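Trainee: Assemble the whole structure, with the sequences as input and the hints as a guide.
Taken in sequence, the protein lines are chains A and B.
Residues 32 to 629 (the numbering used here) are what the first sequence spells out, left to right.
Residues 32 to 629 (the numbering used here) are what the second sequence spells out, left to right.
Everything labelled a hint here was simulated from the structure, so no lab data went into it.
Be careful, since some hints might not be right.
Identical copies carry no separate label here, and so any pair may be met within one copy or between two of them.
Claimed, not checked - List of simulated lysine to aspartate or glutamate pairs, DMTMM-like, C-alpha gap at most 25 Å:
id, residue 1, residue 2
1, Lys609, Glu285
2, Lys566, Asp292
3, Lys609, Glu84
4, Lys512, Asp390
5, Lys609, Glu565
6, Lys90, Asp591
7, Lys55, Glu520
8, Lys609, Glu529
9, Lys90, Asp579
10, Lys609, Asp85
11, Lys432, Asp443
12, Lys534, Asp468
Just so we're clear, the structure is a prediction, and the values are computed from it rather than from any experiment.
Number of protein chains: 2
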Amino acid sequence: MAQFRIGLAQVNATVGDLTGNSDKVIEWTMRAAEQGARIVVFPEMVLTGYPVEDLALRKSFVDASIGALHQLAADLAAEGLDGIAVVVGYLDRRTGLAPQVGVPAGAPLDAAAVLHGGSVMITSAKHHLPNYGVFDEYRYFVPGSTLPVFRIAAQGGEQVDVAIAICEDLWQDGGPVAVTRTAAASLLVVPNASPYERNKDDVRLELCQRRAREAGTVLAYVNMVGGQDELVFDGDSLIVSPGGDLLARGPQFEEALVLADLDLPAADPRLPAGQQRADACDGTTMTIERIELAPLPAPEPDARLGAPMIWPRLPDLAEIYGALTLGVRDYVRKNGFASVIQGLSGGIDSALCATIAADALGADRVNVVLNPSPYSSEHSVTDAEDLAKRQGIHARTIPIKPMMDGFAAGLDLHGIAAENLQARIRGMIWMALSNEDGHLVLACGNKSELATGYSTMYGDAVGGFAPIKDVPKTLVWELAKWRNQQAAERGETPPIPENSITKPPSAELAPGQLDTDSLPDYPVLDKLLDDYVEKDMGSAELVAAGHDPALVERVIRLVDRAEYKRRQYPPGPKISAKNFGRDRRLPITSRWREPRVG
Amino acid sequence: MAQFRIGLAQVNATVGDLTGNSDKVIEWTMRAAEQGARIVVFPEMVLTGYPVEDLALRKSFVDASIGALHQLAADLAAEGLDGIAVVVGYLDRRTGLAPQVGVPAGAPLDAAAVLHGGSVMITSAKHHLPNYGVFDEYRYFVPGSTLPVFRIAAQGGEQVDVAIAICEDLWQDGGPVAVTRTAAASLLVVPNASPYERNKDDVRLELCQRRAREAGTVLAYVNMVGGQDELVFDGDSLIVSPGGDLLARGPQFEEALVLADLDLPAADPRLPAGQQRADACDGTTMTIERIELAPLPAPEPDARLGAPMIWPRLPDLAEIYGALTLGVRDYVRKNGFASVIQGLSGGIDSALCATIAADALGADRVNVVLNPSPYSSEHSVTDAEDLAKRQGIHARTIPIKPMMDGFAAGLDLHGIAAENLQARIRGMIWMALSNEDGHLVLACGNKSELATGYSTMYGDAVGGFAPIKDVPKTLVWELAKWRNQQAAERGETPPIPENSITKPPSAELAPGQLDTDSLPDYPVLDKLLDDYVEKDMGSAELVAAGHDPALVERVIRLVDRAEYKRRQYPPGPKISAKNFGRDRRLPITSRWREPRVG
Chain A
32 MAQFRIGLAQ
42 VNATVGDLTG
52 NSDKVIEWTM
62 RAAEQGARIV
72 VFPEMVLTGY
82 PVEDLALRKS
92 FVDASIGALH
102 QLAADLAAEG
112 LDGIAVVVGY
122 LDRRTGLAPQ
132 VGVPAGAPLD
142 AAAVLHGGSV
152 MITSAKHHLP
162 NYGVFDEYRY
172 FVPGSTLPVF
182 RIAAQGGEQV
192 DVAIAICEDL
202 WQDGGPVAVT
212 RTAAASLLVV
222 PNASPYERNK
232 DDVRLELCQR
242 RAREAGTVLA
252 YVNMVGGQDE
262 LVFDGDSLIV
272 SPGGDLLARG
282 PQFEEALVLA
292 DLDLPAADPR
302 LPAGQQRADA
312 CDGTTMTIER
322 IELAPLPAPE
332 PDARLGAPMI
342 WPRLPDLAEI
352 YGALTLGVRD
362 YVRKNGFASV
372 IQGLSGGIDS
382 ALCATIAADA
392 LGADRVNVVL
402 NPSPYSSEHS
412 VTDAEDLAKR
422 QGIHARTIPI
432 KPMMDGFAAG
442 LDLHGIAAEN
452 LQARIRGMIW
462 MALSNEDGHL
472 VLACGNKSEL
482 ATGYSTMYGD
492 AVGGFAPIKD
502 VPKTLVWELA
512 KWRNQQAAER
522 GETPPIPENS
532 ITKPPSAELA
542 PGQLDTDSLP
552 DYPVLDKLLD
562 DYVEKDMGSA
572 ELVAAGHDPA
582 LVERVIRLVD
592 RAEYKRRQYP
602 PGPKISAKNF
612 GRDRRLPITS
622 RWREPRVG
Chain B
32 MAQFRIGLAQ
42 VNATVGDLTG
52 NSDKVIEWTM
62 RAAEQGARIV
72 VFPEMVLTGY
82 PVEDLALRKS
92 FVDASIGALH
102 QLAADLAAEG
112 LDGIAVVVGY
122 LDRRTGLAPQ
132 VGVPAGAPLD
142 AAAVLHGGSV
152 MITSAKHHLP
162 NYGVFDEYRY
172 FVPGSTLPVF
182 RIAAQGGEQV
192 DVAIAICEDL
202 WQDGGPVAVT
212 RTAAASLLVV
222 PNASPYERNK
232 DDVRLELCQR
242 RAREAGTVLA
252 YVNMVGGQDE
262 LVFDGDSLIV
272 SPGGDLLARG
282 PQFEEALVLA
292 DLDLPAADPR
302 LPAGQQRADA
312 CDGTTMTIER
322 IELAPLPAPE
332 PDARLGAPMI
342 WPRLPDLAEI
352 YGALTLGVRD
362 YVRKNGFASV
372 IQGLSGGIDS
382 ALCATIAADA
392 LGADRVNVVL
402 NPSPYSSEHS
412 VTDAEDLAKR
422 QGIHARTIPI
432 KPMMDGFAAG
442 LDLHGIAAEN
452 LQARIRGMIW
462 MALSNEDGHL
472 VLACGNKSEL
482 ATGYSTMYGD
492 AVGGFAPIKD
502 VPKTLVWELA
512 KWRNQQAAER
522 GETPPIPENS
532 ITKPPSAELA
542 PGQLDTDSLP
552 DYPVLDKLLD
562 DYVEKDMGSA
572 ELVAAGHDPA
582 LVERVIRLVD
592 RAEYKRRQYP
602 PGPKISAKNF
612 GRDRRLPITS
622 RWREPRVG
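Mentor: Right, dumping it as structure tokens:
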């Protein structure tokens, strides 16, 4: 067995920032080299960020990515980092003749490269392209059909063979994992950009264990960290043995270098460099392309690492809160904002949003506005003021009565029109302060509201980012209680006033109005929404699952009718298996009605 | 040669309306039978409408589509329509075992069926799935691999063999077209749902001519008509001979039954019913599945048709105007609105929108609001009033000064914040009147504004539908002039005041403001936007194409920065090769900057 130190650099890349992302690769490669790693693996498309969407179709951007890759190889060597193998994801294009009918030459590739000795030594591309949920990779990429294997010296001078697969190549059967076994590789490294979803970390570990067994190798999985529009990449990199033992695991939601000393079988010297065809066990064949890296002076660690680097898993609520916080922080930061602004109604949704924002950015960068109307309860103001004081965030109060009077001078409004007007005056005030002072506006709607259409377009729905749009109302309460409890356990003031958590929810757009006037209790509603929206059950299945037939009919009608509102809602961090965004794409114009049951 | 009368029913289906669409199939089959047609062909997925998007992934909807197909077969027979072969598109699922690795059983199919004698006689599915531009068919469907050929009696009792391909099967090489030649079919019928794009009708005719030659058959292409969210299907069905002669062609933007008497080679009696493998010339093989329809009493025409039914092509501007009008009419109608409302500023954009709406819906269903501010010019009011009077649309004037004063009581705003406030007060007034009276709000922004971000979110951008969002400013003027000229030629009052067309464009949000204060002249801007947005050129290509380097840098920065605004903009009819919508999907969070040139 050869002793081999590996580093997984789970870093936070930014889409389009080729220079910044390259600098990050150099910085983290330096750390890995200082720690004696022979190889450092970065996430999928770390050079370009992920997903680049239609930028993949722009010639100038593909050119720039390829140029940045070669520049990075040279820059690493210039920094004295030529003896460590660096695996980086980037955007490439297919060169040469089209290899098969229907696959154009020059088409974009979701690629990975090995940089070593100042050069790009070998490149390959993702074989399995995901095209479901939030992914549209058939739009962008053509599949790769080579498995790169590079031979590299381990600590004692023995050689090991390292293969590369990319992200979805793990999730589908056959392809690079199967070919890795054929290639008799010592180690399979897998760059990923795998978005966070509740409970996905359990799924990932099991998947990696299964694939390590199939490949017959140690498997090292490195995932991106950071927020990108509606996606949050959570890190959670991991290494498992062929027998399924967890050898190392990174933290969630933060950058880290995960190091491990691996004991790998030495490469079979009878396997020469060059190409070999192999059945990919998925209806295609692939080419194993084996190269040997030049023997360059490489880092030599002082001693074996001590205890394995295994960060503890976060409990469910902590994990969700971490995803929301990172989502907000990165949207704000990567889009160049210094601060945020939002309404604060005294209710639980805006209270939780403000708390997430303060945790993400610091209280001094969070601004809230209290906009009482003649229908606002006294506690709406006192609860909001209480929250601002507890957290030390900037608050100002702008009553909306004068604006309501201004509109009353020109318009005679009733019912829903009058209610919406109040919500819209508030939204305009936040937008005006955003335009005046440069804050990003946060929209505070939750997933239950978004599902049923209980929000006012251009009112409470205004904003550039929506922190809790994928959080059902019942989970909003859970998160608020959890956050307060965390504070209490640390001896801090709970950030959210108890009354905001316990009082019955109300939009306060009419005297004495309560959410339960027109919606069922949230636990009942959220269960139904989960089955209809996330599990895509039809009416018959919903009733069979135990939901009240009349409620099924009423609620799915609400959900179906609100599609046009969701289309204009700002993006927010995905935490569920199916968010309102890329995950769920329904026509606005549709006369489909689930059959009435019972 | 066998004489064979065919009908192409280019109808306007509605997404999700299985009952309504089935009724439409019965109604138009009846017309075709009355005219002596042996076969009537309907568009792709006519039963479900197209595109159904994620409804394709819902079990209850697929079940309903399959159920509706069988019900339709029975209903046709009950109406005495069992002797005419009816080709209908619908949503199916793959049954039986998965035929190859990676293709799940039970996956949705973009399918077509032949209904005859009260039964579903044969079904097949689209082989080539488009996954570019506005299409995401790899998300929804698995590819079909059979070519159905059905033998049917022509007028004199001779048999002919009819093959079916679906839409994209024509656009890509190999597949059903190639296999149709192998099958020695007499006729290839092609159901389509092909969205309108400027100049696409020329491309379609050439494509059909080429494929008819390749298939060695007469080719009958039938396309959907109608608006569906951002897509407009334009009809334009056509029939070409194997030699490329145009035998029939339908109108654009209206439902029609296109009839033709075809002289077809008789089916080769040595080719028996059953299955036969064939090279699809695209790297796959397909199965030819040949059946014989029972000899049922069929319609018998009195005599050959006279002159071929070839509707004249519309000139470019008429065609675009037709697409916009149908897009608006169908969005309003299919979403259950009775009327629309919009602002009328005296400028050309809102003038054109109101005119399109009045042409689409009738003037009595169009409501406009004049919202003068202290910065509004006198002509903004007089030009708007003039338009309302010319067209007889409902107009009311609500000055925004009282609302501005209301906000001034609580907020001290400057510059862009104060300007946006005015636009937002107007938007709120339209939304309030929409909520009060049930009108759909139309947003009147053009493509040049949307590209550069020269619009106010929650201000002039409010609305459920945006008639001219894919129309560049220079084309807005062209369409306005064309519409006035059309009226003049018919001896009618030109609907748009000349002054709205000729005056320099201004948002009138500050004293003396003109668009040209901050944007280049529109002809220069629109040419650059076309190259950057539609042709996806990078900065170097743009400069090489003759655009001013400083202008390139400024304008592409504006376009890149406005992505977040476009995300929240309402949908509107696509008329270009790349609209702001499904066609162009870019990240909001992106640090990619095209390199500075020169």
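Trainee: Now tell me, hint by hint, if it's right for this structure.
Mentor: How the hints compare with the structure:
Taking CA atoms no more than 25 Å apart as the test, lysine 609 paired with glutamate 285 passes inside one copy only; the shortest distance there is 24 Å, against 38 Å between copies. Proximity of lysine 566 and aspartate 292 under a CA criterion of 25 Å is satisfied in neither setting, with 42 Å inside one chain copy and 50 Å between copies. Within a single copy, lysine 609 and glutamate 84 get their C-alpha atoms as close as 19 Å, and across copies as close as 15 Å, so both meet the 25 Å cut-off. In this assembly of identical chains, lysine 512 and aspartate 390 lie within 25 Å of each other by CA distance solely inside one copy; the values are 15 Å within and 56 Å between copies.
For a Cα distance limit of 25 Å, the shortest separation of lysine 609 from glutamate 565 inside one copy, 5 Å, qualifies, whereas the shortest one across copies, 31 Å, does not. For a Cα distance limit of 25 Å, the shortest separation of lysine 90 from aspartate 591 across copies, 16 Å, qualifies, whereas the shortest one inside one copy, 39 Å, does not. Taking the closest pair of Cα atoms, lysine 55 and glutamate 520 never come within 25 Å of each other, the shortest separation being 36 Å inside a single copy and 66 Å across copies. In this assembly of identical chains, the alpha carbons of lysine 609 and glutamate 529 never lie at most 25 Å apart, being 31 Å within a copy and 51 Å across copies at closest.
In this assembly of identical chains, lysine 90 and aspartate 579 lie within 25 Å of each other by CA distance solely across copies; the values are 20 Å between and 54 Å within a copy. Taking the shortest alpha-carbon separations for lysine 609 and aspartate 85, both the intra-copy value of 22 Å and the inter-copy value of 12 Å come in at or below 25 Å. When the C-alpha separation of lysine 432 and aspartate 443 is checked against a cutoff of 25 Å, the pair qualifies both within a copy, at 15 Å, and between copies, at 16 Å. When the C-alpha separation of lysine 534 and aspartate 468 is checked against a cutoff of 25 Å, the pair qualifies neither within a copy, at 33 Å, nor between copies, at 34 Å.
Violated hints, in rising order: 2, 7, 8 and 12; the structure is consistent with all others.
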